[in-house]
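Chemist: One letter stands for each residue in the lines below.
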Amino acid sequence: MRKIFLTMMVILGLAMSASAQNRTISGTIVSENGIPLPNVSVTVKGTTIGTFSKENGNYTVSVPATARVLVFSGTDITTQEIAIGDRTSVNVSLTSTSKVLDDVVVTGYTVRKRSEFTGAAAKVDAKQIEQVPIASFEQILQGRAPGLYIASGSGQPGTAARVNIRGVGSIGGSSTPLYILDGIPIEGGVFRSLNPNDFESVDVLKDAAGAGLYGSRGANGVIVITSKKGKAGKVLMQYRGQFGFSEPPTQNNLSLMNTAQRLEYEEKFLGPFGVISTSGNSGYPGWDYSPNNPVYSTLTPAQQASRALLLDSIRQINTNWPDLLFRRGNFKQHELNASGGNQNLTFYSSLSVFQQQGILDRSNLDRYTFRTNVDYKSNRITTSIRSAAGYSVNSNIESESAVALANPVAAAYLELPYRRLNNANGKTNVGAGQTGPNAYDRSRTTTSNSGQFKGSLAVTLQFDIWQGIALKTTNGVDYRNNNANRFIDPTSFVGGLTLGAQGLYNESFVENLQLINTSGIVYNSKFSERHKINLLAMSESIRNKFRTFSATGLGINPLQPNTPAGITPGSPTNNFIPTIGGSKGIDGLSSLFAAGDYTFDKRYTVSASIRRDVTSQAAKAFNDIILASYGVTWNFIREKFMENQKIFQEGRIRASRGESANIDGFASQFGYISTYGSGSYAGVPSIVPTSPGNADLRTESQLLTNIGIDLAMWNRRLRFTADVYRKESRNLFVAQGLSRTTGFTGLNTNAGEMENRGLDFSIDADVVNKRDFQVTLGVNGGFLKNEITSLGQVSEIPQGTSIIRVGIPFGTHYTVGYLGVNPQTGLPVYQDINGNPTTNYSAANNRAAFGSYLPKFTGGASADIRFSGFDISMLFSTAQGVSRFNNESFFYQSTNSNIQFNKDVRLLNSWQKPGDMPGQFQKVSSPRQFSSRDVQDASFVRFRNLQAGYTFNNKRTNSIRGFRIWGQAQNLYTWTKWAGFDPEESNNIANYEFPNPRTYTIGLDINF
Amino acid sequence: MKFLYNTIILLAFSFVMAGCEKELVDVNPIDQIPAEKAITTIADLTAAVNGVYGTWQARRSVYISAFISDEIRLGTGTEYRNVGNALFNWQFVSDSQDWRDGETGGVWTNMYIVIDRANRALEFMPNVVVTAPADIALKDQFRGELLALRAMAHLELLKYFSATAQYTPAALGVVLQTSYVKNPASYRPSRNTQAEVISSINADLATARTLIPTSFTDIGRITRNAVIGGQVRSAVHTRDWANVVARASEIIPLQPLTNIAGYPALWTTRSLAPNQSTEVIWKLNVTAANSGVNIGSLFQDANGAQQAAPAKKLLNTYNPATDIRFTTFFRTTPRDLIAKYGVVPPAGENFIYDIKMMRTSEMVLSRAEARAELDLITEANADLALLRSNRITGYVHVPITTKQALIDAILLERYKEFPYEGQRYYDLKRRNLPIVRDVADIGGVVTSQTLLPTDLNYILPIPNQEKLANPNIQQNPGY
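Line by line, the protein sequences give chains G and L. For the first sequence, this note's numbering assigns the number 1 to the initial residue and increments by one for each residue that follows. For the second sequence, this note's numbering assigns the number 10001 to the initial residue and increments by one for each residue that follows.
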C-alpha cells in the first residue's frame, strides 16, 4: 500500500500546468427566480482556467482563444455548460439541484448524473441533515429517504439506531448497510464522534446498479456520505450555535397507580384474593392496616387506632418516581467553519462542540470534532484529502434497556408511589427491595463513561493520462478507539454488592482499524454528443483489525475513588481478584472489479459491473466469489414521441439486476475452523472447545432486481419517483440447532433463504413557487413484504417470543393467543394451537399469528415553506403495520407475582365476582402469562421535526454577510396505540429502553 | 515516451496489488486455537482435563432439585424476587422460563458438553507422546479422571431424564456418548436403554478405579475415593444393595465423617483445602476466577432479595437447639433464609462457595438404606446413629425396628442432610415417592402441594431444544 502511495506522490510531482489567455468574457449569473448567485465557479471546459461570480452575480474571466465552452458550477446548483461561440457576454440562469431530478448519484466509486444512472438511489442533502440535535447522524435520515428504515432504540445521546435498507436481508447475520464516507468504508453503528454538519449529502444505494459495485459488501445496501468541499473564492466563515433542552416524552396510553389507587388495590384486591398474607405485617399497608383484614378484629382498640394513623400518614406520601429519576437535559452546540480557495486549491475546515444531556440522570454526551478537506487540481492531477477527527465522551445510565431494577427507566415506573426516597435521617433509603431509592442512589454512586476517538482519512489521487484515461487511487484509514471506565463507590449500597463488597473500578478499550486501498484505471469519454462512456477497472484491498481489552479491579480504597490507584491487589482469600480479558481479531478482503456504463444520445444507458472478492472469513473452498450486476435506463423524455407533449419535463424508466454478498454477516472471523479457547478451573488454566466449525461456511448472498420510474411535471414543480424491487437472499446464516449430545448447541450454516419485495416512492411538489414565497411538500414511503422461503433442514426456529418460520415474515411474534377473561371464573381464556378457546395455558399452543416487528410501511412527509426571509420546515415520520412485544405491560398487569411493583391503574377494574364483565383484567392472583395481549400495535406517526427561522442577508458591509436565527423542536408528538414511552424501537421487545426525548432548541448562524 | 511511462506505472500498480491477495486473505486465528493443534503436549492435556471440570455446572441440578421438590418455599413479600414459579408449580410453560431445558443450558445440555469435552480429550490423548515415567503415570491418571467424569455425567443424565422414575433396564435411558461427534450438523441420535447406559458407566468407573492412584488426593478433582463413591451411586441407582454396602464400606474408613465441631466449617469455608481431611470426597472448586457459578445466588441475590426461602416443612424436621445442621444451613432472622452457601445480611456476600458433589455422609446413609433393604436392621441402625451422632449434640439413638420405618427415617435423614445439594428430587424419584409439600409452603396454590409419580410433570421432559434439533430423540411419556 505504501508503494502505491509513493508512486502517486511522484506522479503528483510531475504535474504541471501552463496556458495562454487572450479573450475576456463577462456576464451575470442568477437563479431560476432571478436572484444573483455569488460564488459560482466559471471555468473553461477542459482547463482549470476560471473565476467565481461576485456577490452581485457578476463575473469576468479571461479565456484562451481555443476556449469553446464555459462550465458553470457551484454548491446546490446544477452544473451547466454553455457554448460561448464568439460572444463576450454570457448571462446564465441556473437551477438549484434540490429541485431537479437530474442531480448526481454518488456511489463512492463513481459520480453519475441521475439521468444516466440505472439504479435506485435516494439522496438526502445537507439542508436536511444540518443542525438536528441528534448526535448519531443516521437517525437524522429517518423519514427522509424511501426504503430506508431507521429505528432508534435509545434516547441515550450518541446511541446508533437500527438501519435497514429495504428490509432485513439476513436471518442470523448482520443486516447493517455498508457505510462509505468519501470513498472509504467506515464502521457501521459508530457515528457519535462524527459531525453531521460536515456532510454535504448522503446517497442511499438500494439496488444492484449502485450497491452491486461493492460486491460482497453490498448486500444490505450502501449509504454513501460525501463531506463538504471547499468553495473557491474568498474565505467564508460561519459560526453556528444552538442551545436548548430535552424533556422526557409522556407515556402513551398507560397510567400507573398513585398512592390512593395503590392502597385501594391492596385493600380490595391483593389482600382479599390471598396474594398477600393476612398477618398484618406483609409490608403492604393498604391491606395490613385495613379494617377488612381479618387480623384487624383481633387487635385492641389502641392498636386499631395506631394502624389507622399509620395508614393515614402513608396516604400522604405520593412520590413521583419518574420526576425523581428523569430530568430536563440541556443541549448546546457551537460550530465554526471556513471554506475558500482558488482555482487549484480549495479547503473546507470545521470545528465543533456538541454537548447533550440525556433525560435521565447522568446520561450525557460531549463531542468535539474537527474536519479539514482539501482539494487540489492541476492540469493532470486531482487530489482530494478528507480528514476528520472526533472525540466524544458519553456517560451512560445503569443497565440500559434491561429488565433490571438498576435501570432507572424500570425503577421509575415499578416503584410504589407510597415509598419515600429518603429515610428519617435524610439519607437515600437504600436497601434490599428499595427499587426507587436504589436506582436513584446508583446513578449517583457509580459512573459508566465511554470515551471515543474516531479518526478517518481518505486521500484520492487521480492522474489523467491520455484522452479520458486516468489512474485513480484512494487510500483510507478508519480508526476508532473506545476507552470506557466504570466505577462503583465502595462506600455506597451498590458498592457493597460487588465482589468483595468494596466497589470496583474498570477500564476497557476497543480499537478498530480499517485500511483500504482502491486503485485502478478509469476512463470517461464522450464521442460526439451522442456517445458517452465510463469505465473503471480497480483492485481493492481491505484489512480490518480489532482489539479489545478490559480490566476490573476490586477492593477500592474509599480515599482513592474513581481511579485505578484505589484498587486492592487480589489474593486467594480477600475476594479482590481482578478480572482481565480481551480479544484480537483480523480479517481481509481482496478484490478486483470492473464497471462501466454507456449512454447513447442521452436516451439509453446500459451499465454493468463484475467483481471478484476473496475473503479471509469463509472456508477456503468458498472464499473466492464472483458477483455481477447490470442495468438499463431509458430516458424516454428525449424520444421523438415526447417532443410535443407539455405535461412531462422528465421521464425515464430504469431496471437493474445483480448479485451481491453480505461479507459483514459472518458471526465470527474464523467460523469455518473447529477451535479451542482458554478458560480456567480452580485457578489453573484450561482449554475447552469453543466452536465445532463449519467447513462449508460461505458468504450470504442476494439477488436484487429493481425497476423504477422517474417523472417530473408541471414545469418540474411536481417530481415523482417509484421503484419496485425483489431481493432474494440466499445462503443466509441459520443457527442450526444441534443435538446437545454433540457438546454444542448450534452451528451457523448457510441454510436460509428469504425474499423481500416492495415498492418505494417519493413525491415532491413545489406548491407555491414565487420569488418571495415558496412552499414545497414531500412525501416518501416504502411498502415491504418479507418472507422466509427456506431454512434448510428445519422449517422453523423459535426464538423466545418470536419465531423464524418458512412462509412468514422475519421477526414474527410467537406466543399463545389471548381471548379475554371468562366472566364466570375471572380466569383468562387463551387460544389453543388451532385458535379455539381454552383455559389451559401451554407453550405448546404458541402460534405465529400476531404480526412482526418489521413494519409493512415506513415513510416520511415534509413541508418546507419560505416567505421572504422566513422559513418553516416540518418532518413527519411513520412506521405502520408493526407490532412489538411489550414486556413492560407484563410487570404492570401481573397479580400473582411482581406485586411489589406498581400496577396499571386499570387493574382496579379487575374481575371480582362471577358475572363481572370487567373488560380485560383477570382475577387477581390468577397467573398472568405472556400471551398475544402483550403483542401490541407499535405503528406510529411522529411529528419528528419542526424548524422555523429567519435569514438576513447583508449586502452592504463585508464584515457580516448575513445571519439566521431559528428554533426547532425535535420529536414533538407521537400518534400511536402503543402503551408505553416509545413505539419506535430497534428490536422486537420493549424492555424499559431509554425513551427518545423531545428536544427544543434555538440557534443562530452568522456568516462572515 | 510518456505513454510508455504511464503504462509502466500501470503495470506496477497491478503487480503490487496482485501480491497483496495472499497476504490479506491467508490469516490465522489469533484468539482461537485450531482444534488439531489444541492437544499435543502433556501440558495441553492437563489444560483440557481442567476444562472438563470447569465445564460442570452443578448449580443447575441444585436449582432444579430444590425448586421441584419440597426443599423451598416461594415468598410473596417485597423482599422476594419472583423467580422459579413455573418450576416450583410444576408447570411446563415454555423453554426459557426454567432451567429444565432453558437454552442457557439445563442439566441435559451441560452434561453432554462435559461428556463431549471428556471424549475429545480421551481421543486426542494418543497424540500426546510422553516418555518420562511421571508423565506416563499422569497420563493414566488423566484418562481415569476423564472416564470417571464421563460416567458421572451419564449417571446424572439418567437420574434426571430416564423415561421411568425408577431404574428399569429395558426402558429408555439417555443417549450414550462414548466418542466425540465428528459431524455435528448431521448427528441425530436416539436414546439408549437404561441398561446400556449403566453398563457403560460401570465399565468406565471400573477402569478409572485402576488408573487413578491413591496418592492423588485433590478433592477438587476426581480421586479414587470419588470413583468408588460413583460406584456406590450407580449401585444405589440400580438398587444393587449388596454392591452399595460393599463399595460404601470401602470408602467410609478412607474418609470418615466430619464431626459436629468441624461441620460448620465445611460450609463457611469458601474453598476447602484440596485434600481428603474432611468428609468431602468431591467438590467443584469455585473460585473468583469463575464467579459465574456463585451457587448461593440461586436463593438470594446480593441485594438481599430472596429467590426462595427454606421450606417450613424442612425447617420443622430439625431440633434447632441440638442439630448443627439447622444453624449451619439456615437463618431465621430477619426472616427464614437459606444460608448453606452464604447469606445476606451481612452485606457483601458474594455466594461463591465450593459445590459439594459427594460427601461421606451420603455413603453412610446409602449403606444404611442398602442394609435396611437387605434386612440388616441392626447394621442399618448403626449407620443412621453414626451419622446423627456426628450432627446432633447429645444424640442418643433409639433403634428403629421395622424395615419400612427405618427406610423412611433414612430418607428423612437424607432430606435433612442434603438440602440444596441436588439430591432430594432424585431421592424421591428413585423410590417412586410423591413430592408432598406443607400447606405453609405453597403460597395458596393448592395444585402445588402434591405431585404423584403418576402425574405428568413428575418426570422431566427431554428438552424441547433437543427435540427440535434432533427428530430421532424419543420424548418422555406425556409431553
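It is worth saying that the hints were derived from the structure and are not from the lab. All of these numbers come straight from a predicted model, not from anything done at the bench. Glycine included, every Cβ here is placed at the ideal spot set by N, Cα and C. Any given hint might turn out to be false.
To be verified - Chain L is faced by these chain G residues, among others (derived, beta-carbon under 7 Å):
| hint | residue |
| --- | --- |
| 1 | 299 |
| 2 | 300 |
| 3 | 301 |
| 4 | 430 |
| 5 | 671 |
| 6 | 673 |
| 7 | 674 |
| 8 | 677 |
| 9 | 687 |
| 10 | 688 |
| 11 | 744 |
| 12 | 890 |
| 13 | 891 |
Chemist: Now tell me if each hint is right for this structure.
Modeler: Quick rundown of the hints versus the structure:
1. The criterion of a C-beta within 7 Å of any C-beta in chain L is not met by residue 299 of chain G, whose closest approach is roughly 21 Å, and the hint is violated.
2. Using the Cβ-Cβ criterion of 7 Å, the hint placing residue 300 of chain G at the interface with chain L is not satisfied: the shortest such distance is roughly 25 Å.
3. Annotation: interface hint on residue 301 of chain G violated; nearest CB of chain L at approximately 28 Å, more than 7 Å.
4. Because the smallest distance between the Cβ of residue 430 of chain G and any Cβ of chain L comes to about 10 Å, over 7 Å, the interface hint for this residue is violated.
5. Violation of the interface hint for residue 671 of chain G is found here, the shortest Cβ-Cβ separation to chain L being roughly 10 Å, above the 7 Å cut-off.
6. Interface restraint check: residue 673 of chain G against chain L, minimum CB-CB distance 5 Å, threshold 7 Å, status holds.
7. Residue-level restraint check for residue 674 of chain G holds (minimum Cβ-Cβ distance to chain L is 4 Å; threshold 7 Å).
8. The beta carbon of residue 677 of chain G is positioned within 7 Å of a beta carbon in chain L (closest approach about 6 Å), and the interface hint is therefore held.
9. Because the closest C-beta pair between residue 687 of chain G and chain L is about 4 Å apart, less than 7 Å, the hint holds.
10. A distance limit of 7 Å between C-beta atoms decides the matter here; for residue 688 of chain G the minimum to chain L is near 4 Å, and the interface restraint holds.
11. The restraint placing residue 744 of chain G at the interface with chain L holds, with a minimum CB-CB distance near 6 Å, inside the 7 Å limit.
12. Given hint, residue 890 of chain G at the interface with chain L, is violated; its Cβ is 11 Å from that chain's nearest Cβ, farther than 7 Å.
13. Taking 7 Å as the C-beta cut-off, the interface hint given for residue 891 of chain G is violated, the closest approach to chain L being about 10 Å.
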